[in-house]
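> Which chain is which? The protein sequence lines are A and B, in order. So the first sequence is numbered by the numbering used here: it starts at 1321 and just counts up by one. So the second sequence is numbered by the numbering used here: it starts at 1495 and just counts up by one.
What the hints contain is simulated information worked out from the structure, not anything from laboratory work. No residue lacks a Cβ here, since even glycine has one placed at the ideal position from N, Cα and C. Errors might be hidden in some of the hints.
Said to hold, decoys possible - Covered by chain B, according to a simulated footprint, are these stretches of chain A (three or more residues, beta-carbon under 8 Å):
#1 1342-1353
#2 1379-1388
#3 1467-1479
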Amino acid sequence: MTKTAEARYTWGGDEFLFVEITEGMSLESNFISNSIANALESKNLGGLVDICPANASLLIRFNPDVMNYEDLEQTVRALEHDARASARQVLETRIIEIPVWYNDPYTNETGSRFREGYHQRPDGNDLDYAAEVNGLADAAEFIKRHYESPWLVSMVGFVAGLPFLYQLVDRQHQLQVPKYLSPRTDTPALTIGHGGCFSCIYSVRGAGGYQMFGVAAAPIYDPTQNLKDFKEFMVFFKPGDIVKFTPVDEAEYRRIQKEVDGGTFVYRQAPIQFDVGAALADPEGYNKTIMEALNGI
Amino acid sequence: MGFNILEPGLSTTVQDQGRIGYYRYGIPQGGSMDQYSASLGNRLVGNTRKEAVLECTYVGPRIAMTGDVVIAVTGAPVDVFVNGESVPQYERLSLKSGDELKFGVIKGGTKYFIAVQGGIDVPAVLGSRSTYPIGSIGGVSGRAIAAGDLIPIGKKVDNGLPDMQSVPESDRPKFTPNVNVRVMLGLYDHNLSEKGLKSFLDEEWTLTPIADRMGLRYSGPGVEWKKREQPFGAGQDPSNIVDAGYAVGSIQIPGGTQPIILHRDAVSGGGYAMVATVISADMDLVARSAPGTKTRFVAVTMEEALAARREMTARDARIWS
Chain A
1321 MTKTAEARYT
1331 WGGDEFLFVE
1341 ITEGMSLESN
1351 FISNSIANAL
1361 ESKNLGGLVD
1371 ICPANASLLI
1381 RFNPDVMNYE
1391 DLEQTVRALE
1401 HDARASARQV
1411 LETRIIEIPV
1421 WYNDPYTNET
1431 GSRFREGYHQ
1441 RPDGNDLDYA
1451 AEVNGLADAA
1461 EFIKRHYESP
1471 WLVSMVGFVA
1481 GLPFLYQLVD
1491 RQHQLQVPKY
1501 LSPRTDTPAL
1511 TIGHGGCFSC
1521 IYSVRGAGGY
1531 QMFGVAAAPI
1541 YDPTQNLKDF
1551 KEFMVFFKPG
1561 DIVKFTPVDE
1571 AEYRRIQKEV
1581 DGGTFVYRQA
1591 PIQFDVGAAL
1601 ADPEGYNKTI
1611 MEALNGI
Chain B
1495 MGFNILEPGL
1505 STTVQDQGRI
1515 GYYRYGIPQG
1525 GSMDQYSASL
1535 GNRLVGNTRK
1545 EAVLECTYVG
1555 PRIAMTGDVV
1565 IAVTGAPVDV
1575 FVNGESVPQY
1585 ERLSLKSGDE
1595 LKFGVIKGGT
1605 KYFIAVQGGI
1615 DVPAVLGSRS
1625 TYPIGSIGGV
1635 SGRAIAAGDL
1645 IPIGKKVDNG
1655 LPDMQSVPES
1665 DRPKFTPNVN
1675 VRVMLGLYDH
1685 NLSEKGLKSF
1695 LDEEWTLTPI
1705 ADRMGLRYSG
1715 PGVEWKKREQ
1725 PFGAGQDPSN
1735 IVDAGYAVGS
1745 IQIPGGTQPI
1755 ILHRDAVSGG
1765 GYAMVATVIS
1775 ADMDLVARSA
1785 PGTKTRFVAV
1795 TMEEALAARR
1805 EMTARDARIW
1815 S
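Turn these sequences into a full structure, and let the hints steer you where they fit.
Quick look at the structure:
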């Protein structure tokens, strides 16, 4: 783990402390952010309102009537020091299979309504554009690269339950696609999006600026808490979750939707230990190992 | 007993003090945009600060009472009518079953509030009755009210009605076409050039019609960013950052053109650099701005922000004593 620079501490008004671990995205920064968040959470400090770990930063809300802001900064700095000093970076987490209908008619139809003035490339769809900017042969090749490797939930937010996903491969192999030139006013619910180096799953319908590649077959946000995976909480994802996308065709998509409607759908998932060091040392080999956890489930 | 909604108005939602602590899941705090105005309404009708009210936007609802109720209308100045007769704002009103409440033209601001003795009694979700339409939770079935809704009213709070029958003029919020909004610089203000920071603080900004519970967008001369190499994962534009959490009240300037103040239903994070945050004591002031409001951003220190917050708390304590 790099122990070089310290994080940058700054205030978002009188109720928010913002801690930028690094300016750029990296797996190490994300791990430090989440370590600080977990350690701070377990302190149960009075006046601490909300802890929002993000990709390479951390946003902490506090009640300044109860908690002194300087004390809070001191506490978090100490936790940052501990997080950086910790030798072994292992996360007890889970891997989850997310069935996706890539190149589906819903996102394609929406994409076709937001071309002129919104999108970089008037011809083709977002997948064609993504393939082109990544120097890949075609949309099919891009899709393969998208589902072949696992993704880490590096942040939850934007709207209710939306996961940001960081691809667990070498930086030179990471898929990168610019966001739309101007955000769309509409995105189908459960769209698989991508902007910069991040993928996401749009938990609900709404505005969005990420390129659209497909739709997930099952919900990831369920305010009715009808499905089994949502009995405890309406939001499915947590930072640190690992996602394995699995391509499905229309028939399989419809079959899963029937299960969702009937209330019987459950996500295929397995508990795993995620070792940041091992993942960085041999991404390809390590990915195979963690994805094997889903076998037989 | 309840409110029978004959016409819903433009966008009328149930709101309270908000849903605090779920921002980490992308669920915004919500709550009445102008907390002070909503709180005055609750005070007049003998509630606690916690009861839910109806927040009206520009055009209010038309409501028939299905029982005898005590209400008050606070917030933005608007004509209020009971059975067609004009009645005052910031005053406790007793309505009988069958009475009809409706509203005329708004004369400033954008939001006014209907408080009712006992509060709006929709089910609380994650500790709050506030409506979050994008996430379909809170309020009436997770949405703005609609014609035909019968909105339940809660039991009276025990402590009865206060001596105060109306809010004195001096305690009423002001709705003015010029405001100075106090902000704390920070977050990514270092990405602005010296000239850019000067424009942000010295120029006048005008609130555009693109303003709602999520955010308020201002037009003006724009700002200049420092030239730099963008960090990995941030995106190409100098106003882009690696997606991060957004402080409530933080001000982002996508593309360097129009500043956006994120308000109570804000998205919890994203990839635009924030350069300052409205202090907690001035969030209501921002909520009272109507499109066209001339706005200046005034930089204050943390200590000044906390002093302003103490003043706000002291005023609140006096109103509720």
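> Hints first: check each against the structure and report whether it holds.
Okay, the hints, checked on the actual structure:
1. 1342-1353: holds (count 5)
2. 1379-1388: holds (count 4)
3. 1467-1479: That given contact holds, which follows from 5 residues of the region 1467-1479 of chain A lying within Cβ reach (below 8 Å) of chain B.
Going down the numbered hints, you'll see the structure goes against none, and every one checks out.
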